[in-house]
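If you read the sequences in order, they're chains A and B.
For the first sequence, the working numbering assigns the number 7 to the initial residue and increments by one for each residue that follows.
For the second sequence, the working numbering assigns the number 84 to the initial residue and increments by one for each residue that follows.
The set of hints was computed from the structure by calculation and includes no laboratory data.
Relax, there's no trap hidden among the hints.
Straight-line Cα separation of at most 30 Å, DSSO-like style, residue types lysine-lysine; simulated pairs: (1) K67(A) <-> K8(A); (2) K192(B) <-> K46(A); (3) K46(A) <-> K117(B); (4) K192(B) <-> K16(A).
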Amino acid sequence: MKARVHVMLKNGVLDPQGAAVQHALGALGFDGVEGVRQGKVIELDLAEGATEAQVGEMCEKLLANTVIESYRIEVL
Amino acid sequence: MKAAVVQFPGSNCDRDMAVALEKSGADVSVVWHKDAELPAGVDLVAIPGGFSFGDYLRCGAIAANSPICRSVVAHAERGGYVLGVCNGFQVLTETGLLPGALLRNAGLKYICKTVGLKVETSNSGYTEGYNAGAEIGVPIAHHDGNYFADEDVIARLQGDDRVAFTYTDNPNGSRADIAGILSENRRVLGMMPHPERAFEEAHGNTDGQRLFAGLMGQLTSA
Numbered sequence: 007m008k009a010r011v012h013v014m015l016k017n018g019v020l021d022p023q024g025a026a027v028q029h030a031l032g033a034l035g036f037d038g039v040e041g042v043r044q045g046k047v048i049e050l051d052l053a054e055g056a057t058e059a060q061v062g063e064m065c066e067k068l069l070a071n072t073v074i075e076s077y078r079i080e081v082l
Numbered sequence: 084m085k086a087a088v089v090q091f092p093g094s095n096c097d098r099d100m101a102v103a104l105e106k107s108g109a110d111v112s113v114v115w116h117k118d119a120e121l122p123a124g125v126d127l128v129a130i131p132g133g134f135s136f137g138d139y140l141r142c143g144a145i146a147a148n149s150p151i152c153r154s155v156v157a158h159a160e161r162g163g164y165v166l167g168v169c170n171g172f173q174v175l176t177e178t179g180l181l182p183g184a185l186l187r188n189a190g191l192k193y194i195c196k197t198v199g200l201k202v203e204t205s206n207s208g209y210t211e212g213y214n215a216g217a218e219i220g221v222p223i224a225h226h227d228g229n230y231f232a233d234e235d236v237i238a239r240l241q242g243d244d245r246v247a248f249t250y251t252d253n254p255n256g257s258r259a260d261i262a263g264i265l266s267e268n269r270r271v272l273g274m275m276p277h278p279e280r281a282f283e284e285a286h287g288n289t290d291g292q293r294l295f296a297g298l299m300g301q302l303t304s305a
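With the rest of the complex left out, here is chain B (with noise of 0.2 Å):
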């Protein structure tokens, strides 16, 4: 499985999302934001955490305009696979393969903690290594984590099956509860909480690994 880690200005978890999934089995590259294009046979595209371009204008606004984004649009639309953690999550709705937007935390605070999620589908390649309904526990560290879309786009995506993760205790007045969706295709994810900072025993916790794992066999066998 050929992976890419894009990094923008500002990305701060680029190497911890390279290392999960290296460690996964997958064949990793980095990828510059200025790079026009994706590295050839790429399967899935990882978009890290971090404050790309200082969360200038707002949080992932510009880096979604950036070449490289350009590629990880067509390459979504193609069918590949993307996942976006925290601020990779903000890319890919500033991008619009993801719905809705991240606002300011409610309580306004940054929020750097472990928090309770509940896996809401294993229908997709991210969640199929849980059961449905299982509860894990997931880092958070973020400003802007408040997922907001209109009633009609929350409805749709609960009817379609297509939230992954909610919290179980609300850290950030995210509406729904919504921690991580999945798009139309149930290739594309984005979460707010860090799996790839739950990933082995030296992070003491270790309920983000299955979601590599899942990835992996989803990917290999694809």
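So that you can see chain A by itself, here it is in the shape it has in the complex (with noise of 0.2 Å):
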């Protein structure tokens, strides 16, 4: 099985790096890109019987800091 978990940070938690991206783009011309939130993609091999369980327990416990993240579980 292949999960891949998208980690984000919270909505209200300051993402400097999303902003500098926001205005680079302004910067190059793209008008109109209202909000640039940066997050990370964490794609796992996982062996025969993993569980989407098993996915989100690795995720409490490394893959994301839910002081200031959120994560979202897909597998494929």
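From these two lone chains plus the hints, build me the complex, please.
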């Protein structure tokens, strides 16, 4: 099984990198970009029998810091 | 007083921390991240600055899950003292020993300079050598020092007098200008500025010395 974990800063947590990317897009002439949030994607190759619940546990314990980040698991 | 300095791959202030503790009179051992146990009878564990595990994933995240950190958490839960400086502060928030998290600096730049700090409380083994309200200068050197916690946590930290240091001129966007916080039992301190780099005359600034002296007084009389 393959899983893809999307980790994003929670709403309300300042994302200065996203803000810098937004600014750079504006400087390139891309008007109308009203917000940019930058996150990360982690792909996992899992042995047979692995479950989505286990991936959830991985997110809680290591892959995301739930104080500041939310995560979404996509099973591929 | 027995102190242990934890060394991760990528720690780079471990030696400075060990020297500051030794010169303050502590019996210091350095422990490797793969060690499962702290040396017997350790009073203080210091988690030094640096870039543990290359700051991969998140600053401090992988270090916080290393074998030694399980013993560090157990030590803190037994009422032991733990000092985390810079990357050490990040590690302590990742272990959950301290609330909140350290985000990328609001200005996105790595900042290395001496900053003004206000000592917010003298009620801790770390800060009893200072007068509350005193202003000191201590160097910072970080890219991810922007302290974040939700409003309830910030209010609780302030209400319980657990903010140890604030910046006099916030360099990194930290909420409520927070530079360092204490645990509920006041024995775990996490701070982004480096007191071990403001320790001896050769550093050009000895404002950090009293933190170690206070700690020593606390732990040798205990």
